[in-house]
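Asker: Residue-level listing of the chains:
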Amino acid sequence: MSAPYLSATGMRGGYGKADILNDCTITVDQGQIAVIVGPNGAGKSTAMKAVFGMLNLREGEVRLAGEDITALTPQQRVHKGMGFVPQTHNIFPNMTVEENLQMGAFIRKDDYSGTLAQVYELFPAVADKRRQNAGELSGGQRQQVAVGRALMTQPRLLMLDEPTAGVSPIVMDELFDRIIEIARTGISILMVEQNARQALEIADLGYVLVQGTNRYTDTGEALLANPEVRRTFLGG
Amino acid sequence: MDILNAGVALLNFVVVPAAAYGAQLALGALGVTLIYGILRFSNFAFGDTMAMGTAFTIMVTWAIQALGIAIFPLPTALIALPFGIAVTALIVLFTDRIVYRFYRRKKVDPIVMVMASVGVMFVMNGLTRVLIGVEEIRFDDGARFLFSVQDFRAWSGLTEGLSLRVSQLLTLIITALVCWGLFVFLNRTRTGKAMRAYSDNEDLALLSGIDPDQVVRITWIIGTALAVIAGTLYGLDKTFKAFNYFQILLPIFAAAIVGGLGNPLGAVVGGFVVAFSEVAITYPWKKVAGYLFPDWQPEGLLQLLSTEYKFAVSFVILIVVLLFKPTGLFRGKSV
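These protein sequence lines are chains A and B, in that order. Numbering (UniProt numbering) for the first sequence: 1 to 236. Numbering (UniProt numbering) for the second sequence: 1 to 335.
Misleading hints may appear alongside valid ones.
What the hints assert, rightly or not - Computed footprint of chain A on chain B; a stretch qualifies when at least three of its residues, placed anywhere within it, have a C-beta under 8 angstroms from a C-beta of chain A:
{"no.": "1", "segment": "65-79"}
{"no.": "2", "segment": "206-212"}
Said to hold, decoys possible - Cross-link-like lysine-lysine pairs, in silico, DSBU-like; alpha carbons within 30 angstroms at most:
{"no.": "3", "chain 1": "B", "residue 1": "310", "chain 2": "B", "residue 2": "325"}
{"no.": "4", "chain 1": "A", "residue 1": "80", "chain 2": "B", "residue 2": "106"}
{"no.": "5", "chain 1": "B", "residue 1": "241", "chain 2": "B", "residue 2": "325"}
{"no.": "6", "chain 1": "A", "residue 1": "80", "chain 2": "A", "residue 2": "109"}
{"no.": "7", "chain 1": "B", "residue 1": "325", "chain 2": "A", "residue 2": "129"}
{"no.": "8", "chain 1": "B", "residue 1": "286", "chain 2": "B", "residue 2": "238"}
{"no.": "9", "chain 1": "B", "residue 1": "107", "chain 2": "B", "residue 2": "325"}
{"no.": "10", "chain 1": "B", "residue 1": "107", "chain 2": "A", "residue 2": "80"}
{"no.": "11", "chain 1": "B", "residue 1": "310", "chain 2": "B", "residue 2": "286"}
{"no.": "12", "chain 1": "B", "residue 1": "238", "chain 2": "B", "residue 2": "310"}
{"no.": "13", "chain 1": "B", "residue 1": "287", "chain 2": "B", "residue 2": "238"}
{"no.": "14", "chain 1": "B", "residue 1": "107", "chain 2": "A", "residue 2": "17"}
{"no.": "15", "chain 1": "A", "residue 1": "17", "chain 2": "B", "residue 2": "106"}
{"no.": "16", "chain 1": "A", "residue 1": "129", "chain 2": "A", "residue 2": "109"}
If you are wondering where the hints come from, they were derived from the structure by calculation, not from laboratory data. This structure is a prediction, so every number in the text was calculated from the model and none was measured. Ideal Cβ placement from N, Cα and C applies to all residues, glycine included.
The shape of chain B in the complex, shown without the other chains:
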C-alpha cells in the first residue's frame, strides 16, 4: 500500500507535470532546432514569438467567447489557435523580409543574425506588452480536470491522490500529433526533404535546384506554428504572462542543445530530459521517501534545489552537455 502511495505521489507531483512541461519544451525546442538547422542561427526572439502568438490566440479566444461559441469541455483557445498562428506567421515573415533577409543576402556570420534576433526579441516583447498588458491572464475555459484528486482517492481508496488536468492531457495529445505530422512532413514529402537537404548541405541543395526562398519561408511558418502551439499550451497549463515566455527561452535552448541542435528527434528528447530534471531536482522528495522508508525521519524536505532556482537546472545541463558532448545526444551540429 505504501509503495502504491509513493508511486501515486510520484506520478502526481513529478511524472505528470514534467511530462506536460516536457511536451511544451519539446515543441519549442523543435521550432528552435528547425530554425537553427535551416536558417543557421539561434533565434533569441523565439520566446517572444511564443508570447506574441499566445497573446493573439487569447484575443481571438475572447472574440470567440463574445460570440457565444464554446467547445466544452475543451478550451475555446483551441479554435483560436489557427488564427493566432496565421497572424503571428505573417508578422514573422514580415520580420524576415525587413530584418533577416538583409543579413542573409550579405551572408553574415551567424552571430550577427543572433544579435539581430535579440533586437527583434525586444521589439516583439514590447509589442506584446502594449497589445495585451503585463498581468497574468487565465484563458483556460472548458473543463478543468479529467479527474481530480478527490475522484482518484474515492476510486482507489489510497491516501495519496492523482489528478489529471484537461490542459495536461491536451498538451500531450497535441504534442504527439504535431511531432508525428512534422516527422512525416520532413521525411516523406518533397518540400520536407528539400528542407532537410538545405539544412544538410546548402551549396549542393542550390546546385540541385532547390529554391532557397521557399525553404526559408516554410521554415519560418513551421517554426512560428510550433512557437504559438507551445506558447498556447503553456499558457493553458499555467497562465499567460509575457515575462514567463522570455524566461522559458532558456530551458527551450537547453533542450535543443541537449538533443543536438538541428536534430528534430533530439529536440523532443531534450525537452523531456530538461523538464524531468528540472521537476525532479526541485521536488521535495520527503513525502515519497516517507512512504518507502517509514522509519527514516529526514531533517529537511529532501529537496535538492528550491523552485526559485529551477532555471539553474537548465544551465547546469547545458554546461555539462557543452563540455562533454557539444553535438548533443543525437549528433546535431556543434554550437
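Extracted from the complex, chain A is given alone in its bound form:
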C-alpha cells in the first residue's frame, strides 16, 4: 500500500515562542474527505496552516504525493497542487465573480476555460451572478466563489478553513453536498469545521485535536458513534 497523498507527520510549532502544535499528524488519501474538529483553541486552523506552509515547523515534515514540501512557501505549494480557502477575506470583494475565478487561475499559462465551466457547473448560483461584484453576494455564495477560486488551479488537495462559518444550516448542507461532489472527482479534501457533527457525517476520516495533539483519529462514522467523543466534543 502506498503512502497517503498528503502526509503531515509529527508537526510541532506555533506563532512566536510557544508551541501550539505538539506532535500533530494529519494524513489524507486521494479523494478522501478529512475533517479536523476539536474545542476552541485546539489548534485546528493552526494545523491546517502548518500543512499549507503559513507556519514554521520546529519538528515534523509535510509530504505531498511522496515529495517533501516542508521547506516550501504557500505560493510554491499552490504550484505543487494545493488549494487553500481561508476562513475570512477569501474573495476579492470589488471584483466580479468571473474576475475572482480568473485571479484564481492567475498562475496558469494554459487555457483555463474548461475549469471555469466546471466551476460554474458545480455552483450554478454563482454562474448566474458572474458579472456581479463578489462582495455583493450572500454569505453562502461568497463561500462558493472562494471555493471556486481555489479550484481554478486544479488542485489535487483542497483545504477549507471553516467553510460554513456564519452561513445558515440550509446553505451549510448545500455546501457540504458540493464538497462531497468535489471529492468524488478525486480531489482530496482537508477541512477544519466548527459544526463538528455535520462535518463528521460526510468525513471519511476525522481528527479530533486537543491542545495541538491528536486525541482521536478514526472514520467520521466511528467518531460519531464513540460515546466519549460524543459526550466531550459533540455535546451529547
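With chain A held as given, fit chain B onto it using these hints.
Answerer: The following block gives chain B in isolation, referenced to the frame of chain A:
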C-alpha cells in the same frame, strides 16, 4: 437675450474654467487614489512629483524648440511629455527602491509611509527648484485660442463673450483619453486585474501567485504618468510655478477622498466636484444675476468667498465628507 447672455457668462467664467481645472484635478486624484489603493498610503510627494515631472517636460520642450521642431497649433510640450514621464518615472522608481521598499518590507503602519513621503516631498521640492528655479515659467507655445471672446461676440452678436483656449480643450481631450485608457487597462487586462486584486485583498492576491513587486512597479509608473500629465496640463493652462504644485495637493486629495479613496471612478467625479465648487463659490455672480434679474441691484459682487480663500473650499468639502460619508461618494476605503 438676457438669459442667453447670462448663460454665456456662466459658461465663460464658471463652466469652462472649472471643467479644465476639474480635469486636471481628476488626473491627479486618479494617481493619488491608485497609489493609495495599491501601496496603501497617502503619497504627499505627489504634488512635487507633478512639479518635477512638469519641470522635466519644460526642459525637454526647450530642447525641442531649440531644434526648431514645432507642432503648431499644438504646444511643443506635448512631444516633450513622454520624455518627462519617462525620466520622472525612473526617479520615482529609484525613490521606491531606496525609501519606500525598506518600509514596505517591514510592513510598517501607513502613517510611517506617509511621513516618509513627506520627506520625499521636501527632497523633490528642493531638487525641482534647483533644477528650474522658482519663477513663473510660461511654456504654452502654439495657438492660444480656439476662439476668442471677440470671435464669439462677432459670431453671436451677444454682449457677453465666450472663449475657449487650446490648453483647456487639450486638457479635456487628454483627460478623457487617459481615463478611458486607464479604465480599460484596469478592467480588461491581466496586469490591470492583478492590480485591482492586490488592492482588494493583498493576502489572497499573493496566494493566487500575483507578483507583488511587479504590481508595485507598475503602480508607480502609472501614478507618475498621471502626475506628469496633470502637472503639464495645469502648467499649460495657467503657468508653471513650483510652489503652486505643492498647493494643488490639497484639492487633489480632497477630490480623491470625496470620490472615495482607492476608487478610480470616484477620483474623476471628485475632481470635478471640487473644481466646480471652488470656482462657483469664488466667482462674483453679480454679472449673471444682472442679466437674470435686471431690477435687482445687489450691494456687493455676490461673491461668496474671495479667490484668495479658494483652498478653504477644498477644506470644507473634505471635512463635510469625512464627517458624513468617510468612505466617499463611491464607497472607497475609509480614511
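Asker: All the hints need checking, so say for each whether the structure fits it.
Answerer: Hints, one by one, checked against the model:
1. 65-79: Coverage by chain A is violated for the segment 65-79 of chain B (0 residues, Cβ < 8 angstroms).
2. 206-212: holds (count 5)
3. B:310 <-> B:325: 23 angstroms, holds
4. A:80 <-> B:106: Holds, at roughly 29 angstroms.
5. B:241 <-> B:325: 34 angstroms, violated
6. A:80 <-> A:109: 15 angstroms, holds
7. B:325 <-> A:129: 29 angstroms, holds
8. B:286 <-> B:238: Roughly 25 angstroms separates the two Cα atoms, so the pair holds.
9. B:107 <-> B:325: Holds, at about 28 angstroms.
10. B:107 <-> A:80: 28 angstroms, holds
11. B:310 <-> B:286: 18 angstroms, holds
12. B:238 <-> B:310: 16 angstroms, holds
13. B:287 <-> B:238: Since the Cα atoms of residue 287 (chain B) and residue 238 (chain B) sit roughly 24 angstroms apart, the hinted pair holds (cutoff 30 angstroms).
14. B:107 <-> A:17: 21 angstroms, holds
15. A:17 <-> B:106: 20 angstroms, holds
16. A:129 <-> A:109: Holds, at roughly 26 angstroms.
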